[in-house]
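Now for the letters of each chain:
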Amino acid sequence: MGLATSYNKVTSHKLFNGDTLTEYKLKNGFRVILVPRHQAKVLTYQVWFDVGSLNEKMDPKLNKTGLAHLFEHMMFRGSEKYPDGVFDQITSRLGAEKQNATTYFYRTNYYESVPSDKLERIVELEADRMEHLKLDADLLEKEKGAVVGELRRANDSPGRLGWDELMRTAYQKVPFRYTVLGSEEEIKGFTLEEAQYFYKTFYAPNNATLIVVGDTTEKDLLPLVEKYYGHMKPQQIPALNLPEEPMQTAERRVRASHKQATSELLLVGYHIPTVEHGDAVPLSLLGTHLSRGREARLRKVLVDKGIAVSAFGGASARPDLFEFVVALAEGHTADEALKIVDKEVRSLQTTLLTKGDMERSINQERLKLYSEIGDNSELANFLGETLMICGNYMRGFEILEAFDNIKAKSIQAVAKTYLQTKNRSVIVISPEKAPAAIAKTPKKKTK
Amino acid sequence: MPKARAAEPTLLFEADPTLLTTTVRIVFLTGSSSEPKDKAGLANIVSELVLRGTKKRSRGEFQAALERMGAGFDVGAAHDKTIFSGEVIRENTQAFFKLIQETISEPTLSKKELDLLRTETLAEINNVKNSNGALAGMALRRVAFEGSRLSVSGSGTLSSVKAIDLADVKAFYKQHYSQANMVVAVASPLPEKEIRSLVEKLAAKLPEGVKNSSPTSDLKVPARPTLVVVDKPGTATGTVFMGQGGMTAQDPDRFAMEVGNFSFGGEPLVSRLFRKVRGELGYTYSISSTYSAMGSLSYQKGMFAIVSTPSVEFTTKTIRKSLQMWSDYRTQGVDREELDLASDSIVNSYPFDFESADKRLAKRLYCHLYGVPLLSPADYAKTIRGVTNDGIKKAIAKHQSENGWWITLVADANAMEKQLAEEQKGVPAAERLEIGMRFTPDELVR
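Top line first, the protein sequences correspond to chains C and Y. So for the first sequence, the numbering used here puts the first residue at 1; every next one is plus one. So for the second sequence, the numbering used here puts the first residue at 1001; every next one is plus one.
To be clear, the hints were calculated from the coordinates, so they are not data collected in a lab. Bear in mind that the values here come from a model prediction, so they are computed numbers and not experimental data. A portion of the hints provided could be inaccurate.
What the hints assert, rightly or not - Below 25 Å or equal to it, Euclidean Cα-Cα: the simulated DSS-like pairs (lysine-lysine) are:
#  : chain 1 : residue 1 : chain 2 : residue 2
1  : C       : K98       : Y       : K1359
2  : C       : K300      : Y       : K1162
3  : Y       : K1363     : C       : K98
4  : C       : K368      : Y       : K1098
5  : Y       : K1359     : C       : K41
6  : Y       : K1056     : C       : K41
7  : C       : K368      : Y       : K1359
8  : C       : K144      : Y       : K1276
9  : C       : K134      : Y       : K1276
10 : Y       : K1056     : C       : K355
11 : Y       : K1055     : C       : K305
12 : C       : K305      : Y       : K1162
13 : Y       : K1111     : C       : K305
14 : Y       : K1418     : C       : K259
As the list claims (entries may be wrong) - Here's a subset of chain C near chain Y, in silico, CB distances under 10 Å, partners left out:
#  : residue
15 : K41
16 : L94
17 : E97
18 : P115
19 : Q364
Even for Gly, the Cβ is constructed at its ideal location relative to N, Cα and C.
The following block holds chain C by itself, in its conformation from the complex (with noise of 0.2 Å):
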């Protein structure tokens, strides 16, 4: 077993629904979140990296994205002790559910759940492909395939063209505008020293984090946790010095069309301020007022009158963007579905929402994260997805607690500032048969 002083307890909070969560952080930097849970014999294991594309492409020695989550994929190919398909027999002879990871702009994860009696056994594994992976050019070349697979799956949906265009035009300096997966000549051109060198970079201790939700304690995990973990060497990590995006001052606009799309789609995006700003609170209530349940504003005027399929529209961090995302119906049009859009972000800026509607659209809050967070992997998930947002984990349940003083005035006022047409970009993807009709920028060819 590990020293005992070699962790510190950094902070414990009480939550809402009875849980205690505790902070400790190892002498290496290495972070770990505990939520002792005890109605069933389970638990819950994630590793988040503080890494993803935005590293890689602001990285001078790389440059480029797509090997995030190429490498993603080859934390599952072995290590000197656990060769080629070894790691998956051993979680999978444990029970464990719920496995996999992913990548995304500013992280990557790991994560599965296992019985709490082969707690041991999984702290060992996770270690074991955090320091002593072997990377191998022959399987490097194999995952590559797969991952083009992936790309080529991707980019077969309308819906993800349309994403991509919105980050790509939205922002013009942050590295938001790169897909996280990455090109198919980027992904086929990633070299074995690139792999290595972004492993030595990223995966180390001080750039990580280990949450824990479920039948266990701190007497049982954290010596595990130190003896597993204890002795990696922490690493410099390049700071993430992002370049500023300017201030948008005028509307854009692009139009592409897709081979497989049969009806229209939507989406707009305007610029927000980052999750720990003030205004994160009444922005995130008018996601929900928009959004969530039958009630929602957007499904009365879109959806129930048969001009869109869904709708939706809600605030999202990093990129921090206001986003309506709408797939018409056939037989309807994106310009159509924009005009009811920017008829709806006119009321709001003009009309306060209705005692009814604050109600609704708190409690519909409220509803979704009490039944989130009764579940071990869906707690562990939103406390590491707000802790790689912002740093504070604790952010989406101080967001919460502030609904309790919120007034439609600030709902009304965040409309007015965010939700102007100069700080927005419109994106439509059309079925290639179809003409534009609301095109102001040239055509674009894609895939």
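Following the hints, position chain Y against chain C.
What follows is chain Y alone, placed relative to chain C:
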């Protein structure tokens, strides 16, 4: 098990005082299998209309009251059941039950709402053409269940939904929404006695009715692997469905078949299909096999399917390799190591079925609906560890075909034809895969 009769509605209850919400599932034993043949989509339309206005409140008033109290209530119709699922923040459980009692027992079922819903449903059916995975699944249904109600999805087709009128809706509601057909499942921090009283009030508002017997349909398989292409020019990848007959939920061979399938294709990261076709050959991003291809296992014999997502240039290779691996598995079964891995994994993951009140409830509800026993961990482990390779081989030989595969995919049909010719140059004519049928996306939704 509780019995379904007028004064005592069937209630499955899970207590958990730590819950912040109450979850409710109200199941009616009716679905698309009970629809008249030319009214596909009726069960779905009726279930949706139940949520669109009561005799006391308009649709908007009802939904606003529901959502303002911090609740959600939705519905989904499958082939053999319709499930209303809701959740409410705990302090409003009583008020929530009053509202759902009102909507289920006194829906307006108005012409105005039917017309609006029909417009929405037609738009959704048309929108399926944007999804290659959904199109390939629809093509598989079309050929495998040809002539039966299951040949189209629960939403119906453009023509069948247009044919549904208000008289159809009212007749269907009257016949199927009764006490005899209702099962209620609740997980709540409130005491069972309190919940039972609420459920009894709900049941009392419904007619006693007659319990449905859900009709089942035969599944047709071809004599040899038959390729069915949904023609969509420009497709770079596509979901490939390879389907044939599976099993029912009650089949005594189900444990052997599930254990075998774990090793063949059921467990994504360690199965043969995944390790070979994705891991070694790199043909596809994902590949797996399942006995739940047409929803969960039920009284209806379902479909066994191998589902993959290859890049277009590897489509033929992926299909041919999958067929060869199926043939090997069918004749030889699994080896000792595979069997041990499957048994350990399935037994060790069983606690996850009981990790929360909601999951325990879902498990109990499934067992109740389909007449299968809820096994204790010890009995479950004994059953799974009792599966042998001989048992697996016998079960597969008894239930499943070597060559009777429907293979459906979305592709550029002309490009696919060229690829088949190129990739099968040395293959004897009798063993070649050929396109047996073509659909356009429009034909599948029409």
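25 Å limit on alpha-carbon distance, applied to hinted pair K1111 of chain Y and K305 of chain C: 15 Å, holds
Straight-line alpha-carbon gap K368 of chain C to K1359 of chain Y, limit 25 Å: OK: K368 of chain C and K1359 of chain Y at ~18 Å, within 25 Å.
Pair hint K1055 of chain Y and K305 of chain C, alpha-carbon separation not exceeding 25 Å: Roughly 23 Å between the alpha carbons, so the hint for K1055 of chain Y and K305 of chain C holds.
Pair hint K368 of chain C and K1098 of chain Y, alpha-carbon separation not exceeding 25 Å: Holds - the C-alpha atoms of K1098 of chain Y and K368 of chain C are around 22 Å apart, at most 25 Å.
Pair hint K1418 of chain Y and K259 of chain C, alpha-carbon separation not exceeding 25 Å: This hinted pair holds, its Cα atoms lying about 20 Å apart.
Closest C-beta approach of L94 of chain C to chain Y relative to 10 Å, hint status: 6 Å, holds
Restraint outcome when K41 of chain C is required to lie within 10 Å of chain Y by C-beta distance: 6 Å, holds
Agreement of K1359 of chain Y and K41 of chain C with the hint, judged by alpha carbon distance not exceeding 25 Å: 14 Å, holds
Satisfaction of hint between K1276 of chain Y and K144 of chain C, Cα-Cα up to 25 Å: Measuring from Cα to Cα gives roughly 16 Å; hence the hint holds.
Interface restraint verdict for Q364 of chain C against chain Y (beta-carbon cut-off 10 Å): At 6 Å from the nearest chain Y Cβ, Q364 of chain C passes the 10 Å test, so the hint holds.
Interface restraint verdict for E97 of chain C against chain Y (beta-carbon cut-off 10 Å): Holds. Min distance 5 Å.
Hint validity - P115 of chain C Cβ closer than 10 Å to any chain Y Cβ: 6 Å, holds
Hint 6 alone, counting from the list given before, is not met by this structure.
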